[in-house]
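Chain by chain, the residues run as shown.
2 protein chains.
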Amino acid sequence: MSSYGKLYGVSLGPGDPELMTRKAWKLLNGSTHWAYPIKRKGSDSYALDILHRAGLKLPERLTPLVFPMTHDHEKLAAYWLRAAQTVLEFIHRGEDVLFLVEGDASTYSTFGHLARTLTSLDDRIPVEIVAGVSSFNAAAADLQLPLADTDDTLAIIPAGYGVKMLDRLLVDFDTLVLLKVKPVLESVLDLLEQKGLLASSAFIEKAGTPDERVVHNLTELRGTQVNYLSLLLVRNHHRVRGEMIRGCRKKSVA
Amino acid sequence: MSSYGKLYGVSLGPGDPELMTRKAWKLLNGSTHWAYPIKRKGSDSYALDILHRAGLKLPERLTPLVFPMTHDHEKLAAYWLRAAQTVLEFIHRGEDVLFLVEGDASTYSTFGHLARTLTSLDDRIPVEIVAGVSSFNAAAADLQLPLADTDDTLAIIPAGYGVKMLDRLLVDFDTLVLLKVKPVLESVLDLLEQKGLLASSAFIEKAGTPDERVVHNLTELRGTQVNYLSLLLVRNHHRVRGEMIRGCRKKSVA
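Protein chains in written order, with the numbering used here: chain A, 32 to 285; chain B, 32 to 285.
The shape of chain A in the complex, shown without the other chains (with noise of 0.2 angstroms):
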């Protein structure tokens, strides 16, 4: 067991390489081997591009683990267990492999499937996360809203569940992060306006990168094309609060 390397989860940040933790990147620094998820063989990874912006010298040892865009369950399955044995192999010969995320490790990230799949392998396998920056805080920071203020509720969606649902939540949420709205924006506009929200929502496009675009007036999104990696944030000031349960005020009764 003391021979083993171990694994770590390496969060990245949103891409802007001064957001990353000062921990990231002195593992970075003192590391020999970085693996990082790729779409299919050959094809970029966002994740070295980030380190490559940083001006960080590559390590001698670079594995490439792929990773497809599909929705097949099983069919992933076996590229997490290929991902798994892939890196096994150079942790039983006792070296450390980072494994590169954008934005935090355990946040939409393909990392927990990795590290899950290989202590399925084996379990004394040492697994080390570093927490770090999502995308969703660089989009608050930079879009100067609050993803919560004091006993604020946040909700973080993919906004492909429909509008359906996201009119539900507007009874208990005062904070909405949509992610991947570009299917259903306008009809996620319609709602906005419905419900006198689009005055307190924001967009925001690749957010915490160089490409950043910020949308304040949300009427000029209509009828244009955004990009995938874009994200709607929604302060519902409408929301009237039910009563809360406090340490000072009531004992534990709920």
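Any given hint could turn out to be false.
Each pair may be met inside one copy or between any two copies, as identical chains are not told apart.
[Said to hold, decoys possible] Here are the simulated DSSO-like pairs of lysine-lysine, each with C-alpha atoms no more than 30 angstroms apart in a straight line:
#1 Lys-226 with Lys-70
#2 Lys-195 with Lys-226
#3 Lys-213 with Lys-195
#4 Lys-88 with Lys-195
#5 Lys-72 with Lys-226
#6 Lys-213 with Lys-237
#7 Lys-88 with Lys-57
#8 Lys-106 with Lys-57
#9 Lys-57 with Lys-237
#10 Lys-72 with Lys-213
#11 Lys-72 with Lys-195
Since the hints were made in silico from the structure, they are not lab data.
Starting from the known structure of chain A, fit chain B onto it as the hints suggest.
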């Protein structure tokens, strides 16, 4: 306008100085004025403690700003105004002020209140927010549980809204992050037990700080006292999902 200083909201991450971003680190090292929130005159600052542990040299000027622990909105607004007026003076003199924020500046932070009050006094004041790692990102990393896998929905809510709301949210959410669980812990544990979710959930106290405590076996928490800064991460693996509208499958009909 060009002679104005700038207000920065500098996210410091959850408490481990290594989880600060490189951008925050550079700004802090090059700055002459830090402002930071305290609960009352003379009380300690956790944000300052992070920087002390990071080994950073204190700048020439340190300005504590009082943000009391109260839910009285008028009282709070008076304190925000006083804090903004204090900062305004420095900004007008051309001095940059770095406001220190634990975790992420857009997430349950006093920074938004300060910035909005400040720009309501003078809307020409430049404000910049440096995004950071939230405590719940650090929690998920250290628990090695995903906040969100592909297509997952994620809710972050103060647990004090009570178990009826939590129960309702299990229909729509794959992950619930329950903040400030202390006063409602027993009733939340009852709900999780009832729903068969105890095994897929975990508890963490002071996530990302040197005093972090992790509990995976939640029944251990029964009848115990927990810290106010604690959260429950609930993975709701029983959820049955609705159909999604995806960019590549259907055209935009929601």
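Results of checking the hints against the structure:
1. Within a single copy, Lys-226 and Lys-70 get their C-alpha atoms no closer than 39 angstroms, and across copies no closer than 37 angstroms, so neither meets the 30 angstroms cut-off.
2. For a Cα distance limit of 30 angstroms, the shortest separation of Lys-195 from Lys-226 qualifies both inside one copy, at 13 angstroms, and across copies, at 25 angstroms.
3. In this homomeric assembly, Lys-213 and Lys-195 come within 30 angstroms of each other (Cα to Cα) only inside a single copy, at 17 angstroms, whereas the closest approach across copies is 33 angstroms.
4. Taking the closest pair of Cα atoms, Lys-88 and Lys-195 never come within 30 angstroms of each other, the shortest separation being 48 angstroms inside a single copy and 53 angstroms across copies.
5. When the C-alpha separation of Lys-72 and Lys-226 is checked against a cutoff of 30 angstroms, the pair qualifies neither within a copy, at 46 angstroms, nor between copies, at 43 angstroms.
6. For the homomeric pair Lys-213 and Lys-237, the shortest alpha-carbon distance inside one copy (12 angstroms) is at most 30 angstroms, but the shortest distance between copies (37 angstroms) is not.
7. In this assembly of identical chains, the alpha carbons of Lys-88 and Lys-57 lie at most 30 angstroms apart whether taken from the same copy (12 angstroms) or from different copies (21 angstroms).
8. For a Cα distance limit of 30 angstroms, the shortest separation of Lys-106 from Lys-57 qualifies neither inside one copy, at 35 angstroms, nor across copies, at 44 angstroms.
9. Taking identical chains as interchangeable, the C-alpha atoms of Lys-57 and Lys-237 lie at most 30 angstroms apart whether they share a chain (26 angstroms) or sit on different chains (24 angstroms).
10. Taking the shortest alpha-carbon separations for Lys-72 and Lys-213, only the intra-copy value of 27 angstroms comes in at or below 30 angstroms, while the best inter-copy value is 49 angstroms.
11. Neither within a single protomer nor between protomers do Lys-72 and Lys-195 lie at most 30 angstroms apart by alpha-carbon distance, with minima of 39 angstroms and 48 angstroms respectively.
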